[in-house]
Every structure is written in structure tokens, then in C-alpha cells.
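**Q** Same order as they appear, the protein sequences are chains A and B. Heads up: the first sequence is residues 121 to 453, going by my numbering. Heads up: the second sequence is residues 60 to 273, going by my numbering.
Calculated directly from the structure, the hints in this document are not laboratory data. Misleading hints may appear alongside valid ones.
Said to hold, decoys possible - Facing chain A, a subset of chain B residues (Cβ under 10 Å, in silico):
hint, residue
1, A204
2, A207
3, F231
4, L234
5, A237
6, N254
7, L255
8, P256
9, A257
10, R259
11, H271
In this text, all values refer to a predicted model and were calculated from it rather than measured experimentally. Heads up, the beta-carbon is just placed ideally off N, CA and C, and yes, glycines get one too.
So you can see what is in the structure, the chains are spelled out below.
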Amino acid sequence: MQSIRQPVPQPLLIIDHPDFDLHDTGGGEHPETPARLTAIRRQLANSPLAGRLQSHPPRPAERTSLTAIHSESYLLRLEEAALAGRAFLDHPDNQLCYDSYQTALLAAGSGLAAIDLLEEGAGQGAFALLRPPGHHAERAMSLGFCFLNNVAVAARYWQSRHRRRKIMIIDWDAHHGNGIQAAFEEEPDIFYLSIHEHPTWSFPGTGWAADHGSGAGHGATLNLPLPPGSGDHEVRRLLTEVVEPALAAFQPEALLLAAGFDGHRDDEMSGLSYSTELYHLLGQRAAAWAARYCPGRLLALLEGGYHPPTLALSVENYLAGQLEPPRATDHNQ
Amino acid sequence: MKISQHMTAPAITITSTTSIPQARQLLQERHFRHLPVVDQTGLLLGMVTDRDLRSAYPSSLLEPAEDQLRREQLERTPVVDIMSPATFTLAAAATLDDALLLLDREGVGALPVVDEEGRVVGIFSIRDLISAYRQLFGLGEWGSAMLALQDDGQPRPLSRLCAALEQADIHFHRLLRATGPHGEKIIYLRVNTYNLPAVRKSLAAAGFSAFHDQ
Chain A
121 MQSIRQPVPQ PLLIIDHPDF DLHDTGGGEH PETPARLTAI RRQLANSPLA
171 GRLQSHPPRP AERTSLTAIH SESYLLRLEE AALAGRAFLD HPDNQLCYDS
221 YQTALLAAGS GLAAIDLLEE GAGQGAFALL RPPGHHAERA MSLGFCFLNN
271 VAVAARYWQS RHRRRKIMII DWDAHHGNGI QAAFEEEPDI FYLSIHEHPT
321 WSFPGTGWAA DHGSGAGHGA TLNLPLPPGS GDHEVRRLLT EVVEPALAAF
371 QPEALLLAAG FDGHRDDEMS GLSYSTELYH LLGQRAAAWA ARYCPGRLLA
421 LLEGGYHPPT LALSVENYLA GQLEPPRATD HNQ
Chain B
60 MKISQHMTAP AITITSTTSI PQARQLLQER HFRHLPVVDQ TGLLLGMVTD
110 RDLRSAYPSS LLEPAEDQLR REQLERTPVV DIMSPATFTL AAAATLDDAL
160 LLLDREGVGA LPVVDEEGRV VGIFSIRDLI SAYRQLFGLG EWGSAMLALQ
210 DDGQPRPLSR LCAALEQADI HFHRLLRATG PHGEKIIYLR VNTYNLPAVR
260 KSLAAAGFSA FHDQ
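Bound conformation, chain A alone:
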């Protein structure tokens, strides 16, 4: 008698490293702390999802991957600032310590390690817990707690190392990813789409709906600013009416998410009012988009999210959504 073998579901890869805790932002009232990742780790370890998650370490980003996005002189400045024991770089928001440069290299290398694993077919998708975050970092400037632009480094690596030409970046952090937009605004093959709190009211004051990219990249930048107080309803509407048509038109070969969780109503870093459940929906949608356009090539890198218990629950919800394919009735929510 022939046995019927159930296909073993592929794991969801989690990239993490204890050294992320070494990046010390000086205590006081700085919101970007190691407690953020501690809370996520604890949540996932005790989660019913635990059996479907598979942990992998990052690697420090190679120099060539970094110089594809950042200038040599900036990398030198960052390294010197950390090793010289300076308290911050470019602005007091960007606190650092002796270990911050090495930690930032690991954060920027998280996407690279995940992409290699995904390209080997090791998982159905990947999520990188990391800090410091990256999407505000510019080519030669740190900004908004960010030093190296982890998502931009990963997008370029996916193109250059694995020949995936068309990369779709979706950024749902509450704040606009100025650094990602600036890195790719003249390029037609890396699409940057961001849903964020309106730049009149929100840091860093970029991400206007009128920006569409420039030169050959015109049409490959899409900013969807939301007024303060916006919640799940507004995001759901954008996903269906704007994001999904943009994906269909672009036909990505890889999907990269700047996964910030600070739009949650309990997170004081923004005026948005998302629920925890919204992140479940985002996980479901992301999985469905990847299944449709780029199976196995879905990577989320952690950006913001500053209320640790809420961040942990939101990440768990996102991962649960990604692991649960949407039911047919969910499609038109």
C-alpha cells in the first residue's frame, strides 16, 4: 500500500543575534532599546508558532554591500564615532556606543543572510529581528536612530548577488523611509512604496504624496501618507485600492518589507491608531503577494516599534498572518 505523504510546510526563517543587544543608546528616555528585541524573543519562544519558526544568525555585511548604498567616508565616520566613544553621530537622537558599529554591520547583514537562505529554498519567507533600524539612514548621514540602511543594502544585494532585477519594497513603519526613497528614487527596478503618517505632522518630514521618483525612476516611488488618527480601515482600503494594483503592475521578483510596528495605537512614536490585528492582516497579505509574484522570496526587516509589549504582540501577529494563508472570504476584507 502506498502511503500518502503530507508535504512538510516550510519554516519561516527568523534572523537574530544576541549581539544586537550590545547597541547601547544611552538609557534615559531613548525609545530604541534592547528591551524591544527581548520582548519579541520572549513572545515568539512562548508562541504556538514556535515550532514553525527556524532561527538563523546574520553575518556582518561585507564592505561592498555597504558601499553600494553608503559612502566610504560616512562608513569611516560611523566606525570612528563608535570606537572613539562618542555619544552620538550627526544628531543627539542617534546615540551609539563602542559596539554600535559592529552591531550595525550585523543588522545590515541580516537581510543578506536571509536572502541567501531564501534563494537556497530554505524557507517560505524570513523575518529579521534587528537593531539599530535603518530606513532613515541616508547615504552619508545617520538619522532617526538609523545608521546603516538595512533594507536598501538588502535590496541592492538581491539584485547584484542573485540577479533578481525587480524588487518591491513596502514600508509600513509609521514614519517615511527617507533613506530608502533617496537611494532608489531614480531607479525603475526598485519600487519603493510607503504607508506612513502624513509628513506635515510626522518625522522626518518627507514622504509627500507628490513624490513619484525622478528620471528613469519616475513612477517607481509611491507615498501613501495618512492623517494622524488613521487606523486599520484606512490601511485596508489602501492595500486593496492602491498597493495591490501597484504590485500587479510592477510584477516584483522579490518582496522586501520595511516592517515597522510603531503605527500601533499604543505606540507613542506616532499618531496612527493601528490595532494588533492589522499586523496579522499585513502578514496574510504579504504571504499572498509573495505566493503570487515571487514564491519564497519574502523578507521583512524590523524597523520601528517602541512599546516593547505591543511590538512583541504585533510581530507575533504579523508572523501568524504570514503562516496562515487567507481564507477565501478574507480576500475582500
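With chain A's structure known, arrange chain B on it following the hints.
**A** Relative to the frame of chain A, chain B by itself:
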């Protein structure tokens, strides 16, 4: 805040003998809408706008022969025949406020800027006004966020606010007190930091709360 820092200078000008087709071509090539008309010494005589020029051209409904005749006449017509008198001008020492009030009151799109003798030194358009205010409000300057605060009605709100910010070492670069549509007093503050919870905490300790109804 001075006009001289924001005007387009030197302005492209024409003389009273410039023909209508020449003036029209200049506007089309340079994508302008307003041309000051000057005499040989640069003294302002009047203004010609793209609307004046359009009105001078024959209607598209005319018979071809009539149309041709009218166009030939235009070739010989100097702009002095259609220009508007330059009733409103700005002095180079005028401020953005002067310009805004005048542009708003007169409903014109641009004003010539003249020196003490009345010679044209530049032109100031609504487009120049927009870029000047964009710069003043810090729009497009990265790394900042704006807060709307409720004015608590207590004495010296701006002094108290500044003192609180200074004490907490919070950098800011725009501060504006305005009256809302229902008479409510609102303070707009643009701070140069990402750490807004820390800003709100310092401001709350000084008695300021967020203004809702954004």
C-alpha cells in the same frame, strides 16, 4: 523676509517698441507669464501678461483671409498698445508680507520690483512667494516633525514653551502661534528630533498639551 532675496533678478524686460509676436515668443520660450515694459534707461512703463497677448490675437473663428490680415497687423503693433499701466510695484526693500498683501489684494500674478528711481531690478511672482514661504516654513528640511499644541491661555505661552524646550535640550527651528477657524489658539512647533514622546513629556510638564482637530 526681504523681496530682494526671493525675487527673480535680473528680470527679462522688453521695450515699448517690441512687437506683440516678439513678446509672445519670449514668454513662450522662457515659460513666463509677465513681462515688464521699460524705456531705454530701464524705467518701468507698464506690464504685459500672457493674457494680454492672447486677447490681442484674432479669434480662431475668423475667416482665413481676415485672420491673415489681423496677424499681419499684429506684426507691426508694438506692445505699448496693449500693455497695462504698472499701477503696482514693489520696492527692493519690501518684505514678503508687502508682496503677499499686494498680490492678494490686487489679484495679480506678479509684481515688478523697482529701485528708487523706478528702474526694474527684478520681478516677484506668486511662484516666488510660494518658494519663499516653503523655505521659511522649513518644508523639505529633513529630520524634523511638527507638533500642534493647545495654547493654555496663561500668560507668556511662547516664553514658557521656549524655556521648557531649552531646559530639556530639545532643538526646534519653527514656532508659530495662530488662531484656528473657531477662534482657538494653536501653537505650531517644528522640533528637530525623532524622540517625540520625550518632547511631549517635557511640554506636558510645562503645561502644554496636544491640539487635536488636525
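**Q** Confirm or reject each hint.
**A** Cross-check of the supplied hints:
| no. | hint | verdict |
| --- | --- | --- |
| 1 | A204 | holds, 4 Å |
| 2 | A207 | holds, 8 Å |
| 3 | F231 | violated, 13 Å |
| 4 | L234 | violated, 16 Å |
| 5 | A237 | violated, 14 Å |
| 6 | N254 | holds, 6 Å |
| 7 | L255 | holds, 6 Å |
| 8 | P256 | holds, 4 Å |
| 9 | A257 | holds, 4 Å |
| 10 | R259 | holds, 7 Å |
| 11 | H271 | holds, 8 Å |
Taken one by one, the earlier hints fail for this structure at numbers 3, 4, 5, listed in ascending order.
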